[in-house]
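Please work from the sequences and hints to get the whole structure.
Spelled out from the first residue to the last, the chains are:
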Amino acid sequence: MSFRLKLFAAIAVAVLITAVLEGGLDRAYDHWHDRLEARTLVDLQLFTDTAVAALDLDGGVVGLDATELEALPRLRGERLRIVRDGATVLTFGGLFPSSSEGWALTARYLRDGYRLDVALPLSLLERVLGNDLLLDLLDLPLLFALAFGVAWAFTRIVMRPIRELTQALRQVSEQEFPKPVPVPEGEDELSELARSFNTMSASMQGLIERERAFTRYASHELRTPLSALKVHTEALELGLATTEATVPVLERNVQRMEGVLVALLALTRPADVDSVPATLDQVVQEIVSAVPLPGRERLTYVHRASVPLHVANAHLVRQAVANLVENALKYSDGRVTLIVEPASRTALVRVCDQGGGIPTDRLERMRKPFTRGDHPTPGLGLGLALAENAVESLGGRIDYLHRDDGFEVAVTLPTAGNHQPTLNDASKS
Amino acid sequence: MHVLLVEDEPDLAEPIARLLEREGHQVSAVRSVTDARELESGSIEIVLLDVMLPEGEDAGFAFARELREAGYAGKLLFLTARDTARDRLRALELGADGFLLKPFSLRDVLARVREFASP
Chain A
371 MSFRLKLFAA IAVAVLITAV LEGGLDRAYD HWHDRLEART LVDLQLFTDT
421 AVAALDLDGG VVGLDATELE ALPRLRGERL RIVRDGATVL TFGGLFPSSS
471 EGWALTARYL RDGYRLDVAL PLSLLERVLG NDLLLDLLDL PLLFALAFGV
521 AWAFTRIVMR PIRELTQALR QVSEQEFPKP VPVPEGEDEL SELARSFNTM
571 SASMQGLIER ERAFTRYASH ELRTPLSALK VHTEALELGL ATTEATVPVL
621 ERNVQRMEGV LVALLALTRP ADVDSVPATL DQVVQEIVSA VPLPGRERLT
671 YVHRASVPLH VANAHLVRQA VANLVENALK YSDGRVTLIV EPASRTALVR
721 VCDQGGGIPT DRLERMRKPF TRGDHPTPGL GLGLALAENA VESLGGRIDY
771 LHRDDGFEVA VTLPTAGNHQ PTLNDASKS
Chain B
20 MHVLLVEDEP DLAEPIARLL EREGHQVSAV RSVTDARELE SGSIEIVLLD
70 VMLPEGEDAG FAFARELREA GYAGKLLFLT ARDTARDRLR ALELGADGFL
120 LKPFSLRDVL ARVREFASP
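Protein sequences appear in the order of chains A and B. For the first sequence, our numbering begins at 371 and goes up steadily by one. For the second sequence, our numbering begins at 20 and goes up steadily by one.
Source of the hints: derived by calculation from the structure; they are not laboratory data. Note that this is a predicted model, so its numbers are computed, not measured. In this text, a Cβ means the ideal position worked out from N, Cα and C, and glycines have one as well. Do not take every clue at face value.
[Claimed, not checked] Some chain B residues close to chain A (C-beta under 8 angstroms, calculated; not the full set):
| id | residue |
| --- | --- |
| 1 | L31 |
| 2 | P34 |
| 3 | I35 |
| 4 | L38 |
| 5 | R41 |
| 6 | E42 |
| 7 | E74 |
| 8 | A92 |
| 9 | A100 |
| 10 | R101 |
| 11 | R107 |
| 12 | R109 |
| 13 | F123 |
| 14 | R126 |
[What the hints assert, rightly or not] Across the chosen pairs, the derived CB separations fall in these ranges:
| id | chain 1 | residue 1 | chain 2 | residue 2 | range |
| --- | --- | --- | --- | --- | --- |
| 15 | B | D54 | A | L635 | 34 to 44 angstroms |
| 16 | B | R105 | A | T670 | 29 to 39 angstroms |
| 17 | A | H685 | B | E85 | 27 to 37 angstroms |
| 18 | B | L58 | A | L608 | 36 to 46 angstroms |
| 19 | A | I532 | B | E85 | 55 to 65 angstroms |
| 20 | B | R105 | A | I527 | 45 to 55 angstroms |
| 21 | B | R105 | A | A382 | 55 to 65 angstroms |
[Unchecked claim] Calculated from the model, a selection of chain A residues having no Cβ within reach of chain B, i.e. all distances over 10 angstroms:
| id | residue |
| --- | --- |
| 22 | A382 |
| 23 | L391 |
| 24 | L442 |
| 25 | L445 |
| 26 | R530 |
| 27 | R533 |
| 28 | L596 |
| 29 | E604 |
| 30 | A684 |
Spelled out as structure tokens, the structure:
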């Protein structure tokens with residue numbers, strides 16, 4: 371049931387209950403009113419008949435046998451009078467009331483011009499029930515209170531998910547990430563809101579954790595070269611080293627810090643997907659020629675495609691493949707072979723070395739350095755993460771293969787026209 | 020005194036070793052736990068130990084435990100870029116006498132070694 375429908379149902383039920391109660395009260399009032407009126411009439415009738423029977427009008431003198439009246443079972447202060455020619459000739463029970471206020475009155479005409487007037491006092495209930503306006507004034511606040519109570523109870527039930535969401539939002543604003551809020555059953559606006567909130571909360575939490583991991587990683591990665599700079603400067607001051615020996619160390623460590631900084635910033639920025647198309651051969655040739663000696667001497671490039679393989683974004687391909695080649699040269703001895711070949715509607719770039727490769731447990735952390743909740747693994751370099759990021763943006767993938775003669779990293783890239791859009795693309799649009 | 024320095028960054032290890040040698044200490048500088056194990060450790064009185072070494076992220080801690088279990092009772096100073104409370108606690112549990120956080124200065128290292136060497 372949708373939230374709108376629930377709200378509507380709650381209001382409808384409140385109104386219905388109020389209406390039923392109002393109807394019920396009216397019926398109860400009518401019932402009691404009728405019963406009291408009937409009883410009053412019966413009492414009045416009985417008293418009047420008894421009085422007539424107890425009267426003695428013979429002989430010009432009016433007599434009343436009061437014992438018969440006093441023997442009546444339900445006496446409640448009835449009064450009577452006998453009137454002839456406007457003058458009261460006999461009374462019983464006290465002064466006869468001058469108005470009908472609070473009394474039920476009846477008259478019976480007798481022989482010889484006599485008239486019997488009977489007055490029966492009405493009880494408080496009879497008087498109240500006789501006054502419709504007073505009754506309405508009494509039952510109106512009662513019904514209002516009831517309607518309010520019912521509406522309040524229903525609102526609390528219907529609004530519970532919103533209260534939970536509000537509380538969770540407050541926690542998020544204080545950067546305390548709550549557990550996922552319960553998603554109400556069904557497919558209404560509220561369950562959709564709860565689901566969206568849970569997704570947003572998880573994504574924000576991931577973002578903040580990534581940010582924290584990034585800060586930890588950055589601080590760690592920068593500490594070692596900074597330490598080298600500090601120590602060598604001091605060594606120079608203390609006369610432990612010469613300027614000629616120190617300058618290359620300082621340059622090397624400044625470059626290292628710069629490299630870490632550039633890589634970290636590249637990883638935290640959305641991948642650059644500005645399309646600069648090129649052939650894969652062109653890109654790989656550039657990478658090979660940019661490799662400094664003596665590493666380049668260990669590198670062999672094999673191009674196995676009979677037709678040019680076009681890639682949509684030369685920059686991202688270069689970023690990925692260059693990092694993989696650099697890793698292979700850095701972490702293995704012997705030859706490194708770079709192979710470009712066509713595959714089914716894709717292109718394959720294989721970086722094969724003769725080393726032992728990366729242990730599986732390290733590999734996962736190197737691929738996604740900031741996506742885990744625990745500490746990132748500093749000191750392992752960011753090249754692989756950069757390559758993964760770039761290839762993922764291109765809609766490709768990287769496979770890692772331990773072979774008998776070494777380690778192979780295979781990059782599958784969509785050739786131009788087969789680019790699969792990814793989240794990074796979506797974030798750019 | 021005989022100082023063992025286990026640090027895989029030559030840019031850091033080299034000036035530290037030179038400084039300590041000028042102070043009159045005998046320094047054995049190695050770049051990995053594997054190299055450290057090959058040394059004759061009987062005369063070592065001070066160990067300066069990095070935590071992340073080629074053998075692993077916690078190789079320094081593991082080597083410290085190994086040393087202590089083998090009966091090493093000398094001074095132990097960690098030199099590391101890892102600054103979490105958990106790391107410091109772990110160092111203390113291993114009976115570390117100090118914890119120098121990178122970027123440290125040569126003077127910091129010198130001060131701690133002088134302190135260890137004083138009778």
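Hint check results:
Annotation: interface hint on L31 (chain B) holds; nearest CB of chain A at approximately 5 angstroms, less than 8 angstroms. Hint status for P34 (chain B): holds, given a least beta-carbon distance of 4 angstroms to chain A, under 8 angstroms. The restraint placing I35 (chain B) at the interface with chain A holds, with a minimum CB-CB distance near 7 angstroms, inside the 8 angstroms limit. The beta carbon of L38 (chain B) is positioned within 8 angstroms of a beta carbon in chain A (closest approach about 6 angstroms), and the interface hint is therefore held.
A least Cβ separation of about 7 angstroms between R41 (chain B) and chain A falls short of the 8 angstroms threshold, and the interface hint therefore holds. Hint status for E42 (chain B) relative to chain A: violated, with the closest Cβ pair at about 11 angstroms, above 8 angstroms. A hinted interface residue such as E74 (chain B) counts as satisfied when its beta carbon comes closer than 8 angstroms to some beta carbon of chain A; here the least separation is about 12 angstroms, so the hint is violated. Annotation: interface hint on A92 (chain B) violated; nearest CB of chain A at approximately 29 angstroms, more than 8 angstroms.
Using the Cβ-Cβ criterion of 8 angstroms, the hint placing A100 (chain B) at the interface with chain A is satisfied: the shortest such distance is roughly 4 angstroms. Given hint, R101 (chain B) at the interface with chain A, holds; its Cβ is 7 angstroms from that chain's nearest Cβ, closer than 8 angstroms. Annotation: interface hint on R107 (chain B) violated; nearest CB of chain A at approximately 14 angstroms, more than 8 angstroms. Because the smallest distance between the Cβ of R109 (chain B) and any Cβ of chain A comes to about 13 angstroms, over 8 angstroms, the interface hint for this residue is violated.
The closest approach between the C-beta of F123 (chain B) and any C-beta of chain A is roughly 6 angstroms, which is under the 8 angstroms cut-off, so the hint is satisfied. Because the smallest distance between the Cβ of R126 (chain B) and any Cβ of chain A comes to about 7 angstroms, under 8 angstroms, the interface hint for this residue holds. In this structure, D54 (chain B) and L635 (chain A) meet the distance hint of 34 to 44 angstroms, their C-beta atoms being roughly 36 angstroms apart. Between R105 (chain B) and T670 (chain A), the C-beta spacing of about 46 angstroms breaks the proposed range 29 to 39 angstroms.
At roughly 48 angstroms, the beta carbons of H685 (chain A) and E85 (chain B) sit outside the given window of 27 to 37 angstroms. For L58 (chain B) and L608 (chain A), the hinted distance range of 36 to 46 angstroms is not satisfied, since their beta carbons lie about 27 angstroms from each other. Range check, I532 (chain A) to E85 (chain B): about 59 angstroms between beta-carbon atoms, so the 55 to 65 angstroms window is met. For R105 (chain B) paired with I527 (chain A), a C-beta distance near 47 angstroms keeps the hint of 45 to 55 angstroms intact.
Look at R105 (chain B) against A382 (chain A): about 59 angstroms separates their beta carbons, and that is inside 55 to 65 angstroms. With a cut of 10 angstroms on Cβ distances, A382 (chain A) stays outside the contact zone with chain B, its closest approach being about 59 angstroms. With a least beta-carbon separation of about 65 angstroms from chain B, L391 (chain A) lies farther than 10 angstroms from that chain, consistent with its non-interface assignment. Taking the minimum C-beta to C-beta distance to chain B, about 98 angstroms, the non-interface status of L442 (chain A) holds against the 10 angstroms cut.
Non-interface status of L445 (chain A) relative to chain B is upheld: no Cβ of that chain comes within 10 angstroms, the nearest being about 95 angstroms off. Every Cβ of chain B is farther than 10 angstroms from the Cβ of R530 (chain A); the closest lies at roughly 41 angstroms, confirming the non-interface assignment. Every C-beta of chain B lies more than 10 angstroms from that of R533 (chain A), the closest at about 38 angstroms, which supports listing it as non-interface. Remark: the non-interface label on L596 (chain A) conflicts with the geometry, its nearest Cβ contact in chain B lying 4 angstroms away (cut-off 10 angstroms).
Residue placement check: E604 (chain A) does not keep its beta carbon more than 10 angstroms from all beta carbons of chain B (closest about 4 angstroms). Non-interface status of A684 (chain A) relative to chain B is upheld: no Cβ of that chain comes within 10 angstroms, the nearest being about 35 angstroms off.
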